[in-house]
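K.L.:
Listed here are the chains, written in short residue letters.
Protein chains: 4
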Amino acid sequence: MCRWIAYRGAPTYLETFVAAPAHSLIHQSLHAAEAVTGTNGDGFGVGWYADRDEPGLYRETLPAWSDENLRHLCRQIRARLFFAHVRASTGPATSRANCHPFAYGRWLFMHNGQIGGWPQMRRTVEGMIPDALYAARMGGTDSEALFLAAIAAGAEDDPVRAVTATLETVARKMRAKGVTEPLRFAAALTDGRDLYAFRWSSDDRPPTLYWSESEDRLLVASEPLDGSRERWALVPPDHALVAPAGAAPRLQPMTLRENRAA
Amino acid sequence: MCRWIAYRGAPTYLETFVAAPAHSLIHQSLHAAEAVTGTNGDGFGVGWYADRDEPGLYRETLPAWSDENLRHLCRQIRARLFFAHVRASTGPATSRANCHPFAYGRWLFMHNGQIGGWPQMRRTVEGMIPDALYAARMGGTDSEALFLAAIAAGAEDDPVRAVTATLETVARKMRAKGVTEPLRFAAALTDGRDLYAFRWSSDDRPPTLYWSESEDRLLVASEPLDGSRERWALVPPDHALVAPAGAAPRLQPMTLRENRAA
Amino acid sequence: MCRWIAYRGAPTYLETFVAAPAHSLIHQSLHAAEAVTGTNGDGFGVGWYADRDEPGLYRETLPAWSDENLRHLCRQIRARLFFAHVRASTGPATSRANCHPFAYGRWLFMHNGQIGGWPQMRRTVEGMIPDALYAARMGGTDSEALFLAAIAAGAEDDPVRAVTATLETVARKMRAKGVTEPLRFAAALTDGRDLYAFRWSSDDRPPTLYWSESEDRLLVASEPLDGSRERWALVPPDHALVAPAGAAPRLQPMTLRENRAA
Amino acid sequence: MCRWIAYRGAPTYLETFVAAPAHSLIHQSLHAAEAVTGTNGDGFGVGWYADRDEPGLYRETLPAWSDENLRHLCRQIRARLFFAHVRASTGPATSRANCHPFAYGRWLFMHNGQIGGWPQMRRTVEGMIPDALYAARMGGTDSEALFLAAIAAGAEDDPVRAVTATLETVARKMRAKGVTEPLRFAAALTDGRDLYAFRWSSDDRPPTLYWSESEDRLLVASEPLDGSRERWALVPPDHALVAPAGAAPRLQPMTLRENRAA
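Protein chains in written order, with the UniProt record's numbering: chain A, 1 to 262; chain S, 1 to 262; chain G, 1 to 262; chain V, 1 to 262.
Bound-form chain A, shown alone (with noise of 0.2 Å):
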């Protein structure tokens, strides 16, 4: 159960939400509230788009609590849109490249959540990632494998139908393998521009995912920063909330053609 943020607004120093509040990221790193694991010590990574529109990227493979370069980082950097990400790994060795946001051109993504049965499970899922988009493959995780075959199933054209699209593939593959265990899926997708996250579970209990929007900003989060301000509310299950550029955030179902296997 990893804990993330993701900030859309106007251009702020990272260190507003990342490091500086109670419930900041850096602290739920070392004491998650609404998490089944409370440390989430196994690597970290910031995503943010600043001047250029390719996002910058910094993982590390040290607990955020200890790394005085993400200090330094969140102090300095100033971004319109960043994601930020403390891993608690399912399974996945602790490197740089299982690290969160993981970037695709303008891309970035991140994940709370995992693929039950992962290294059953693996193959079949990296053989939804075609050769072209082969080679962005880095690490191991199935984070990542979600995210290039969302990629793959045109996430760039349409997000919440390519991921959607995406989970009801794995999660029939899980079946026909007889996997039990869950596909669970909380995550954040964005080009840039457009904020999009997802919240939802091929059981009945999809990880928390909240957010929070006042008239400068848009917050997502696991689980509320305390220490804001903000109100937040819950995203309801098997929804995306959809947040284009300089429109209202809305919600919008997330429909499978399937039923849900319970």
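Warning: the hint list may mix true and false statements.
Treat identical chains as interchangeable: a pair holds within one or across any two.
[As the list claims (entries may be wrong)] Mimicking EDC-like on lysine to aspartate or glutamate, the simulated pairs with C-alpha atoms at most 16 Å apart in a straight line are: (1) 177 to 230; (2) 177 to 126; (3) 173 to 131; (4) 173 to 126; (5) 177 to 131.
Simulated from the structure, these hints should not be mistaken for lab results.
Bear in mind the structure is a predicted one, so any value in this text is a computation, not a measurement.
Got chain A; can you put chains S, G and V on it based on the hints?
P.N.:
Just chains S, G and V now, with coordinates in the frame of chain A:
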């Protein structure tokens, strides 16, 4: 509040106590039971005596639970005496040089506790390390400074006297500087043959320290290792456990010349 | 162009060949003599057989020359057979999972060379690893993929045949994809008892590979270790050095069914 | 012999000088031209001034050439003044705290060279750092100690005088201890506005130091960056380059009160 374990006995694989049992040290790195901070993720280290007189040392900045090298080494290395330590920093950075155990010649040392007001006290305590030993000062911790100061005070000849005198001197210098935070000390020291453990504090809350003896081995640890069947006893406050090679361990008071500050 | 050394013989401290002589592997990490790239600073690894059937493994992303843990381990660990490798990446990232040697069960493998056009070829070569072995694919290197493909081709039963067949297949697939860069391969493989080394290339420039035998030990290396008094012989191109436990090493041609591409 | 570059001018992406040109600093980390040691793989660092008065800092123990985070940061971060440094250790361990640049408040410092006989001299030079500054001593290098000693000697008010006086004192203490190895010093210092560079040695072999000025920027570096079209001039031995914000740089002799030792 770090966690540590010391073992002396029949040559045994490190994994028996570091990686295997339910409350192994790796387990404690994520879930310490008797510590203020439940997470000990600021690096770790093992020091061991195998065929040579000088100890081997493996220290790393990753949390113990995510270091695959540690698992390999613990599975391969068999030692007649070893120290293992998981760190929760009280301030100094997460670097290998700040990880326990510390080695000097044939000696190993590790520590749980702290010198209160360390940023203020550091210069003074480093001043207790003579020139000849100063090149061995690699990091910035209070623990390493205490070790080298104790060596300077004669720990190679009379460990209990030297450690007690060092603590006494440091506590006096703390009072002289007006430091009100305590000096707390649960530590282990060895030359690869004799084993010494210390439980002492300048206030009435010394860190816990347990020991357990069976016919062929002696274990000393911050907290009992569950899953092992040994019975564990607390070392009394202000006492040293003295365990010469080939003789029964005994408890010995750490007598200070001065009264302790409240 | 990586550098590596394999040792089999009387149990010896790793430092004898990894750290000590003038042209030790650590020295070669900074100053390789017979390599295109003189610096091998993209991580390193050692794998060794001591008391257990399975090898130990220590791999790190720092350059070998600056890792104090490596010096300690080489000074303490005594092995009857070990592999040591310093890496100069031909592309894949510097991560532990991309460092040699690679382990699978009782087997160890390390490699100098490359599969030309790896980003293009990766998917195809990974396709040669069957499902049952795919969970052992930890990194993104061509070397690890070749190892697992060779295991799948029967390397546990007939290493020379399996490795030769794997190279043949990969070279054929490279030609089919129009890859003109060569497949080069100087590698070592062992189950902890028998030792195999291979020197092969799809063009006429196979990486160098030397061996040296004395009464109680066999050394195989990318380049001779100076300071040792052994005499070194080149393994001829397209030959394997086969060294069963308890028998004299012999050279064996790696016969390919097809003609080699120019 | 480390390599470094300092830039002041129109806000520019760090990659222009750190990652891009043929003789960029990353290139020099593998292939320095004018250095005794061609490989500078013992960590690196960048310090930069963007929107804040205090510099940002990113230091890492990997070689610069293999750190993907560095490439990302250099591509995203735009600064009006920055320092970048690749390290070839003269002894102290490869740790972040031993990587340049060093920061103190608004000040940044980096250095190529060394205090001869450092293990012998360390205690003495650290003694030149007053208590109030001692908490800022994070690592074990001669360079950081020189920086803090120079701050103590008044570098915030008169950098050239303070640095010269510090070198003079250290050289005198070296002679007093019978150290015959030289004190060599090619360094840069800034408060984010004014830029100072120094080239000095206690013998007649000061490390190289070049500078290049165009209308909108000043570059100072250990060796010229090829691929840039600037013309480079050597700073004469025992001279400082003084470049106040908004004024033309000037060369200024570093006058010592005592004669130099041969």
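K.L.:
Evaluate each hint against the coordinates.
P.N.:
So, going through the hints one by one against the coordinates:
1. 177 to 230: Neither way: residue 177 and residue 230 sit 44 Å apart in one copy and 45 Å across, limit 16 Å.
2. 177 to 126: within (15 Å within a copy, 21 Å between copies)
3. 173 to 131: Between copies only: 15 Å across chains, 20 Å inside a chain, cut-off 16 Å.
4. 173 to 126: This pair counts as within: shortest intra-copy Cα distance 12 Å, inter-copy 20 Å.
5. 177 to 131: Between copies only: 13 Å across, 24 Å inside.
Violated hint: 1 only; the structure is consistent with all others.
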